[in-house]
Amino acid sequence: MKRFLLFLWVAVLASCSNEKTTSSDKDYFTTWEHYLGDPERTHYSNLDQIDTANVGQLKLAWSYKSGGLHEGRTTQIQTSPLMIGNVLYGVNAAIELFAIDAATGKEIWKFKPVTKDESGLGMNRGLNYWKSNGDGPSRIFFSSGPRLYAIDIETGKPILSFGNNGSIDLRDGLGRDPEKQSVVSNTPGAIFENILIQGTRVGEGPGASPGHIRAYDVLTGKIVWPFHTIPQPGEFGHDTWPAEAYKTVGGANNWPGMALDNERGIVYIPTGSAAFDWYGGDREGANLFANSLLALNAKTGERIWHFQMVHHDIWDRDPPAPPNLLEVKRDGKTIPAVAQVTKSGHVFVFNRETGEPLFPIEEKAYPSSKLIGEKAYPTQPLPLKPEPFARQILTENDLYAPNEKAFVDDLVKGNTNHDAPIVLEKFKSITSNGQFVPMDTTGVLLYPGADGGAEWGGAAIDPRNGIMYVNGNEMAWIIRMKEVGGDGGSSMGQSLAQIHCARCHGGALEGLAGIPELQKVKLRLQPDSIKTIIQKGRGAMPGMPNLSEAEIDAITEFLTDMEEAKDHRVEKIKIDVPYSVASFARFKDDRGYPVVKPPWGTLNAIDLNTGEFLWKVPLGHEESLNDPNVPVSGLENYGGPVVTKGGVLFIAATKDEKIRAFSMRTGKMLWEDQLPAGGYATPITYEIDGKQYIVIACGGGKMGTASGDEYRAYALD
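The numbering used here applies: residue 40 is where the sequence shown begins, and numbers increase by one.
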């Protein structure tokens with residue numbers, strides 16, 4: 040256990056010195072004009088007023104109640120804001136854009152898009168800024184629902200010359216009926232000269248929209264070029280799919296964002312898994328360019344190189360965050376590199392010009408699938424270095440002993456009111472053999488779980504020395520598939536709900552952390568409201584306009600009367616998906632704690648020059664644990680770090696709803712503060728009138744924590 044609590048690799052600490060500078064020590068400004076700090080997505084600032092000696096003196100400088108909370112509904116704010124010209128631009132819980140004074144938090148303007156909350160807006164993780172060279176006003180690009188807006192940075196009003204009166208519809212230009220597509224944008228793309236390169240979030244079930252990358256003219260909103268992530272006939276990679284798949288299969292989209300090399304004119308784009316997430320019987324083959332890192336010519340969209348990190352993904356193992364651009368040292372030479380973190384806890388590092396791996400990557404053989412019609416790919420690539428920053432396999436010896444003892448003690452006392460079997464008994468009933476074991480109808484342990492490893496907050500890079508800082512999750516999930524209608528008693532509505540709803544709401548529709556249960560939805564909503572939500576979406580839930588009226592009616596009938604759901608529409612509906620998700624949940628004991636030995640979340644420093652770890656520490660603490668053997672438990676976390684020239688790393692992210700500062704050199708925690716709601720966003724830092732500020736969005740709403748609407752700024756007195 041000691042090696043997972045607090046340990047340091049000291050052999051290479053000298054390379055983490057804050058005094059070291061290289062040619063990559065760029066002239067970062069006192070503002071924060073780009074998502075995650077810069078086009079390279081380093082999360083780095085050269086500000087050093089706040090340093091390791093005085094960070095403990097940070098105080099609350101201002102707070103701003105951004106609004107948008109909805110009584111009775113879970114909301115989130117995952118926005119990492121921008122600071123331009125002493126004005127901070129962010130997004131609230133209702134996906135409304137605002138501008139405030141970055142020194143005081145006083146509101147300047149707010150833009151409320153026409154799109155209503157009932158349209159499945161999703162969440163917003165950041166914004167794009169384009170500075171005018173005299174061609175119209177400077178603008179913020181802001182997404183709400185399926186629309187991408189160009190907003191005048193001074194007035195907060197749409198720029199009417201862009202698109203259709205200030206916005207474009209992201210459902211257009213996909214080669215399919217726009218009215219049947221569910222497309223939003225959670226994360227900003229990248230701007231190269233006068234071109235906005237944009238990714239999208241699409242559904243992950245059957246009938247999902249395709250995830251083509253599109254570039255738009257920043258002035259007019261017209262498409263400059265598309266890149267088909269599901270290649271069409273005659274395009275490279277088309278032979279890695281069934282011949283007609285490009286007409287029906289969805290996904291392979293860029294939802295986590297991208298990085299840009301302005302000097303070389305190359306944009307680096309990670310792509311998502313193909314839909315359906317957990318079954319790929321209709322898409323035999325490697326499935327390029329899903330689960331890939333693409334290097335495209337930013338001006339033309341031409342592919343320069345690519346690397347596929349998962350072939351024929353049936354585990355939802357798409358890269359979760361933008362890649363990081365950096366420079367590394369090899370044999371006295373400086374190499375331009377790109378690093379991509381993954382949900383499985385690996386880091387892939389490439390020469391960003393050629394795509395050559397900078398550490399060996401091995402294609403390893405894995406088992407075939409037991410599901411009818413599924414042809415799992417026989418091999419998968421894994422980097423041999425750096426070592427994974429999250430554990431890769433859960434064995435009986437890795438189970439958290441107090442879980443088992445708690446069950447046994449209760450049984451001895453006569454308390455048998457447990458919803459779940461003893462942890463060990465349940466563990467022995469499923470398959471736990473590490474990465475890339477195909478899902479089956481008995482149950483497979485996904486470890487790290489469906490939310491990483493790395494998550495959407497991604498990693499930070501110190502551009503002076505090539506050191507990566509990444510937070511990771513150590514949560515195990517159990518995934519079990521079910522043959523559609525295979526139990527003999529499933530109604531058509533139940534089968535459809537299992538296919539389209541269980542992916543997010545849990546195998547028994549019991550709800551997951553932050554996602555409501557559907558077992559008693561009839562007590563909250565009328566049938567007409569349920570139908571509208573299924574079709575159009577609401578809050579973070581995307582709509583499913585691809586479903587027919589008969590399918591929506593069947594699902595609604597099942598949800599409003601699960602025990603006696605009628606099935607009179609069965610003749611009108613044909614189900615082509617043979618399997619659905621029967622169980623999809625974190626593996627916890629009956630107290631709600633993960634079954635794995637702590638830490639449950641970590642913060643890691645990795646030297647990407649050598650591939651060696653510098654340190655690893657637990658991130659966050661479960662205060663209710665009350666285990667003297669676990670002084671710091673670590674916690675599941677969402678949101679990324681920011682690193683500074685002052686030698687301080689700032690991160691919130693954890694379920695205990697705190698923001699913390701760590702020494703970049705040692706990993707020692709230097710400061711923490713309790714937030715009004717969970718800070719599941721990536722902080723930013725900037726300077727005004729000689730004072731450095733740290734800002735975090737406190738939106739809460741994940742992992743069962745309360746929602747919030749506050750942005751907080753910290754500074755020295």
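Accuracy of the hints is not assured; some may be wrong.
Subject to a maximum C-alpha distance of 25 angstroms in a straight line, what follows is the list of computed PhoX-like cross-link-like pairs (lysine-lysine) [what the hints assert, rightly or not]:
no., residue 1, residue 2
1, 414, 403
2, 98, 697
3, 286, 368
4, 219, 575
5, 521, 424
6, 170, 151
7, 521, 467
8, 261, 286
9, 170, 286
10, 104, 145
11, 145, 575
12, 575, 286
13, 627, 570
14, 521, 414
15, 145, 684
16, 409, 368
17, 559, 627
18, 261, 196
19, 403, 424
20, 684, 98
21, 707, 697
22, 697, 730
23, 98, 707
Worth flagging that the hints you see were computed from the coordinates, not collected in a lab.
Checked hints:
no., hint, result
1, 414 / 403, "16 angstroms, holds"
2, 98 / 697, "14 angstroms, holds"
3, 286 / 368, "45 angstroms, violated"
4, 219 / 575, "10 angstroms, holds"
5, 521 / 424, "37 angstroms, violated"
6, 170 / 151, "22 angstroms, holds"
7, 521 / 467, "19 angstroms, holds"
8, 261 / 286, "24 angstroms, holds"
9, 170 / 286, "38 angstroms, violated"
10, 104 / 145, "10 angstroms, holds"
11, 145 / 575, "35 angstroms, violated"
12, 575 / 286, "23 angstroms, holds"
13, 627 / 570, "33 angstroms, violated"
14, 521 / 414, "17 angstroms, holds"
15, 145 / 684, "28 angstroms, violated"
16, 409 / 368, "45 angstroms, violated"
17, 559 / 627, "23 angstroms, holds"
18, 261 / 196, "20 angstroms, holds"
19, 403 / 424, "15 angstroms, holds"
20, 684 / 98, "20 angstroms, holds"
21, 707 / 697, "16 angstroms, holds"
22, 697 / 730, "23 angstroms, holds"
23, 98 / 707, "20 angstroms, holds"
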